[in-house]
Every structure is written in structure tokens, then in C-alpha cells.
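The working numbering numbers the first residue of the sequence shown as 624 and each following residue consecutively.
Treat the hints with care, since some could be wrong.
Unchecked claim - The following label-pair restraints were derived from C-beta to C-beta distances: (1) Q1069 / R1090: 38 to 46 Å; (2) G1138 / T1079: 49 to 57 Å; (3) E806 / A932: 17 to 25 Å; (4) E1060 / P952: 47 to 55 Å; (5) P1346 / A1127: 54 to 62 Å; (6) E1380 / P1139: 43 to 51 Å; (7) P1139 / I1441: 23 to 31 Å; (8) P1346 / T1413: 18 to 26 Å; (9) L1081 / E1380: 46 to 54 Å.
Unchecked claim - Derived PhoX-like pairs (lysine-lysine); straight-line CA-CA distance at most 20 Å: (10) K1055 / K1065; (11) K1089 / K1065; (12) K1055 / K1089.
Derived from the structure by calculation, the hints contain no laboratory data. For each residue, glycine too, the CB sits at the ideal point set by N, CA and C.
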Amino acid sequence: ASCLNYAVVDGRAHQYLWPNHGALVVYVWRLALSLVSIFLLLLATSFLNTRQFAPKIHAVMLAFLFANIGSAMALIWADPLIILEIQFYLLIPTLIAVVAASIAVLYTGYTPARYFTVAQTVPLLIGIIPVVAALNSHPYTPIFRELSVPGNILMVMFTSFALADRIGFLQQENRSTWQALTESERRLVQYLEAIPVGIAVYGANRELTYVNQTALELADQPQGRRTNNIEDALASYRFYVSDTDLTYPLDQLPLTQALQGHVSSVDDVEIATPTRRYPAAMWATPVKNPEGQVEYAVCAFQDISTIRAAERVAREAQALYRRVVEDQPSFICRFLPDGRLSFANLAFTSFVESGTANVVNASMFDMMEAEDAMEFRQSLDALNLTNQVSTNETRMRNGRGKLAWVQWTTRVLLDAYDKPSEYQALGLDVTKAKLAEFELAKYRNQLEDLVVTRTTALSQANADLKRRAEELATLNVITRTLAATTELDVVLSEILVQLARVTAFECAQIYLRDGPWLTIAESVGPEAGVSPRQVAVTDVENAIVQVFTEQRTIVRTRPDSAPGNDVTADDQRDNVVVVYAHAEQENPAAWVGAPLLVGNESIGVLAVTAARTDTYGADDVRNLSAFADQAAVAVLNARLNQQAQVAAASRERERLARELHDAVTQTLFSATIMAEALPQQWQVDTPGALVTLEKLRHMTRGALAEMRTLLWELRPGEVETVPFGTLLQHLGDALTGNTMVPVFVNCSPPDLLLPPEVQIALYRVAQEALNNIAKHANATGVEVTARAETDGCTLCIRDDGCGFDTAGTVPGHLGLTIMYERVQAIGGRLKISSVPGQGTEVLVQWSSSSGAG
């Protein structure tokens, strides 16, 4: 088209091609220009890939392309000159659009565009000149015609460069694409090798083209061994229907289906390899060519033993859910914030006696009593992120309208914005428990009434027991007082003090008989105007004398006094008499007198008075009688003690008389005889008189010691203050004075003074031992030794008498038992050693750490 355009412009077409056809030359010229513009746009669009690199310019170029095509087609019926002018105005923007597209593509990095840009600039600058000249817009000179030739040559040359560069670019792009494809294939293989699913690819010829390692492991084949065609693979393994021994149809396997052009998958097949059998899931997909023919079949399979186990666990969980929720006797339901139920288990639907379809979407609140529903909704409104559970007890009516009590435990389910989306509730039918609670409340009220009654009775009984315990305690105090002392005044005073603890009174007196009189021995409270201090026994009108003589308790009260718990005429029991006195102002409102009896003998009266008639009841009368008995015992004890003291004094006098007669009197009588005969003996036998005089000295000294011992017996307190050595010396002197047996006393230290109890006990032991020597030992010498130790002392009495057999001695003989008892009382030890014919030794050891003192 460029060459035709040049031939027409240069005139060669008129001269050589169509010399006689000028109109044809014009028509060819216009057609050549149109073809140049059309081919230029098509070349630029395809070569530069303007649709990809410059989409907006590509749209403009398409518009010019259709315009140039239209101008070419218009040559058939339009004036060629008009078409030429139109083509001129189309050619200029077409060339500008092509150059702009090449520049825009050049900036995207597409290197072949550089040559194309230069190639298209040449016709824009040079090739347009003939057209301008032909349109008479610019003078056409030979220089422009000559430049158009090399311009077209340059355009062809740079276009060739651009095409060569495009070919190199396409080759490089092809290599990059191949490398990318190779890398993609490598990554795909790595991915297929890494996934835990077996992958096998078979061609249309049923030969194996690829298998990954997982497939080999699932097929129990090592890496080096593999089945190469599908027939070998199907023959090497057995396929069964899951959980059966039925053979799975081979034509229904996904691999077989894929080779037939179908996409297929199964999960109910089990594969049996030479070593194991496992459930599998299989998928297969055909890969087809453009003609729709199957070229490959891609098969994937996986060991789903874990999935089957999970399904079993899921079924068990579902069964557990059914047992926990559906088969649960408790009510389980879920409802929306507006109360509409979204789920209810069988127990709840059975309760409301409606099917699940009828319960769902029903209002939870409408099933409750209005008051309970309001409280239930308020508790739901209080639930939030930190407080998600509430407990309520509501009254609900079942399908028959029967009222029931249900205890609900509700948990809120929150959405992503911590707003309540649903509530899940667990309900327990507590109707039986509620009715039992009502019944229990009734019984509880009855029990409380009974408890109040019994408590009152028990309180009264406790008060009576407490009062009785108080009475016994006071009597116990009196008993201890009686045991501790024999002083009558002390005992009677304690009786009245203890009586005040259990019986209220204003005045109390104890009368004792003193000859013809009853005299107050002890009293408490004011006495004026109540009773005289002495009452004649013969005054039978006096109440005290009546009690004394009649030997029974008398209660006197005024009938005009306010009634209370006083003793009435009907209480005449236990030898009690009630007398209603005259309502005289000076008489007390209540008076009680009880006799003091010793056997059948009255020895006195215990009387109390009070200002109120309700002061004394039967218990007070009984207490007064008991205290009267204690007072009688005290008087009796005092009398017996006085008699015992008189008898003891008489016995002591008799003993002292015997001691004086047996010891001191005999010694003094013998000394008197010896003293009367001594002057005559002195004249006749002076040496013998000196011996007699020595004997007389021992006898008088012994008599003096005996007298001092008797004085100590009369005043035992002095034994505690005299040094222990002095006591032993007097006992020895008394023995020597009576028997003329020498006694050697050694006490270390001489002024040894022991604790009172210890000194008296050791003194009595030494006294008893020396008496036994005097009576039974026939000794010629006695040695008494007392020695103080670090924490005690030792007493030893030794004689050279006849001795005795300790094993054959009768218990209690020679006062041995008394000696042992005295030593044990002070915590000491007594040891008596004796051999017949070799004398006797009495040894006493006392320690302050274990004994008295």
C-alpha cells in the first residue's frame, strides 16, 4: 500500500501502471492510503499490546481503525477527492495516536516499542508531505519527494528492527514462562508429596503417570515398587463395602468413573492391602483436552480410620446428649430474650402435654403465673457477663391446668457484643417437695407449739431442779460445816445463812430448850414485835410452844392477805398444819415453825416470818423442815461432843493418875525408903551408902523426868518447841530412873528442832520403843542416836537385851503397828532389826522431800 501510494504521488502509476486510466489511479491512491492507515493501526495494536499496556489509547485507536475502514468502503460511491480530504484528517490523528501508544508502551518497559516509535515518527514527519501537497495546502517540491523515499526506507528498516526485537522479546518471555511453568510443576509435586492424601494420576492409556509417597504408604508399596497400570492396581488390592465383607464393584470406584469422564467420590469403601484393612475416602476427576477427550484421571484417597473413630465418638456423644438432654427427667429448654422457646426436651414437652412443634416458639413467660413471670424476667434482666446464672422458683400450669412448682436454673448466652442472645434453663419439678414443705411447715408449727409447751414444762422442771440443787448445795454446806466444827453457834449461824439462799424471810430464829424455857440460840433479821427471846414451855397458846409440843410444822397466815402460792388448808400433809391467824397489824402475814427433833424428843424450834402470805409454799415448808433436822443434828453433835470431851478428860485424869501411881509415886516411895535408911547405912557402910546415894540420885532424876513427861502430855504443844535432843534425854532419864538401865543419848546437833508433825511422831516412836525396852528387853544398856541429814533426819534406838524373832511376832504386838503408822504418816521409813539374844535396833529415816513438814 505504501508503494502504491508512492507510485501515484511520483506519477509512475500514470506513466507505467495505468497510463490511460486516471480515475483508476485516483481510486487506487485513495485505497492505498486507507490500507496504510488500517494496517498501521492493526500492527500497532497487536505489536505493542496496547490493550494491556495502554488500554485508554487502545480504545482511541480502535475508533480511528473503524473510521479508516469506513472511508475505504466509501470509495465505492463517494467522490475520491472528498475521501482524500477525509483520509487526510484521519491520517494525521491516526499517526499521532500510534506514536502516543508506542511512547506510552515504551514507558512501561516494553523494549521493542523503541524501534517502533522511531519507525512511526518517519511517516508522521515525512510521509504526510505528499498528501499535504496533493490537497494544495503546501507547495510540493522535489526535495520533499526525494526525502520521502529514504523516509519510507527508514520506516521499513526500523519496523524490521522492531519486529526483530519483538521476536527476541517473545523468545525471552517464552523462556521465562517455561521456567515459571517448571517451577510451578516442581512446587505442585512438592505440595502433592507433602499433603497427607494419596494422589495417583493415570493416563488415558490407563498407565500410571504420577504417584506421591502418601499413596505408596497407603498401598503398602515401597518407593521402588509401584503398579504401572490400573488393572495391576485393582488386581493387587481388594475393595470391600464398609463394615461388611461384600466386594465393592470396581466399575463404581472413582478412578474407573474418572477414566470414563465422570467426577466421582465415595467414602463407604475399605481397602485391603497385604498387611492391613482400613476405611478410605476416594475422589477422582478427569482431565480433558479441548476436544473433550479424557487425557488423565487424577485420583485421591485417604485413610479415614481417625474420621471413623471420630464419627463413633460423635455418635456416642449424640447418644450421651440424648441421655443427658432428651432422656433427662429434668426440664431442659432454651428461649430467646422475648421468651419464645427455641428448644425443649421431651420431659418439658410432656409436662406441658404438647408436642415439640407446638412448644417451640411458644412463650415461656405465658406458662408461668403472672407474678412469678414478672420476678423471673427481672432476674433475667440482671444477668450479664459477670453474673451469668440465676435461680428462680416459679408456679406453672401444665396442659390440664394443674398447678406445679418448678425450680429453674437459668444461664445467659451472650453474643459478640455481650448482649443476651439466648437463655438456657434447667428446671426441676419440685411440686412434691413444695407440698411436703407446706405439710412440714404445718407440722413444724405444731411442733413449735409442742416445743413451747414442753419448754415451759422443762423450764419449770429445770427451775425446780435448780431450786432442789440449791437446796442440796446448802444442805451440803451445812453438812461440811457439821463435819468441820463442833461449835454450835457457828453451825446454827451457817444454817440460817444457807436457809436464806433457798427460802425468803424477813426474820428467822432457832429456839433451843433450856430447862422450862425455849430460848433463841441464833437469829437473823429484826426480832421486835415478832417473838420474845424466851418462851415458857408451858405457854400453850404460843405458836412456838405449839410447834415444840405437837412436834409438827405449823403455818400461820392471814386470810385477808392477797392469795398466792401459799400453803392452804388442803396442804395438810407431811405433818403440816395450816392455821389462819387473826388479821392483826402486829402479826406477820406469814409465819412457819418447824420442830427440831432428835428421835421422839423435841429440842427446839426453827421459825421464819414474811410480810406476804404467798411467800411460802410446800417447797419452802419442806426446806424449813430439812434445815430444822440439820439444826437438830448440830445440837445433837454439840451435845455428844461435849459428852465426849467430858469423858476424854475423865479418861485422861485416870491415865495420869495411873502414870503417877505406877511411875512417879513408886519411884518417890522407893526413894523415900532409901533416904530414910541412908543415915544408918552411912554410919555402918560408907562406900555402900555412896552407891545407894547414886541410886537415889538416878531415881529422883528419873522421877523428875517422868513428871516433865507427864506435863508435856498435859500440854502437847510444848513438845513441838523443845529441842529434839532434850526430849530424848528426858525419855532416857525416865527409863534409867525406873529400871536403872543406863541410856546414852547422842543428838547432832544438840539443838535439833524438827517440823512439828515430824518431831511429835518421832517423839512418840522413841517413847514407845523405850517403853518396850523397859517391859520386855531385860537390857543392860540402851543407846539413842538422832542425827540431822541434808534433807531430813535419822533416829536409831539400840539395846543389848534379849531380842525377839521379827518373823514370828504377832501383828500389833509391842506397839509395832502404831509405830509403823506414825512413821508412814510423816512419809518416813521404819526398820526394826532383832535377833533373839542379840538385842534390838529400831531405825527411823525421814526425808523432807517425801514426808511431812
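Each hint, compared with the structure:
| no. | hint | verdict |
| --- | --- | --- |
| 1 | Q1069 / R1090: 38 to 46 Å | violated, 31 Å |
| 2 | G1138 / T1079: 49 to 57 Å | holds, 54 Å |
| 3 | E806 / A932: 17 to 25 Å | violated, 40 Å |
| 4 | E1060 / P952: 47 to 55 Å | violated, 20 Å |
| 5 | P1346 / A1127: 54 to 62 Å | holds, 60 Å |
| 6 | E1380 / P1139: 43 to 51 Å | holds, 49 Å |
| 7 | P1139 / I1441: 23 to 31 Å | violated, 49 Å |
| 8 | P1346 / T1413: 18 to 26 Å | holds, 20 Å |
| 9 | L1081 / E1380: 46 to 54 Å | holds, 53 Å |
| 10 | K1055 / K1065 | holds, 15 Å |
| 11 | K1089 / K1065 | violated, 35 Å |
| 12 | K1055 / K1089 | violated, 47 Å |
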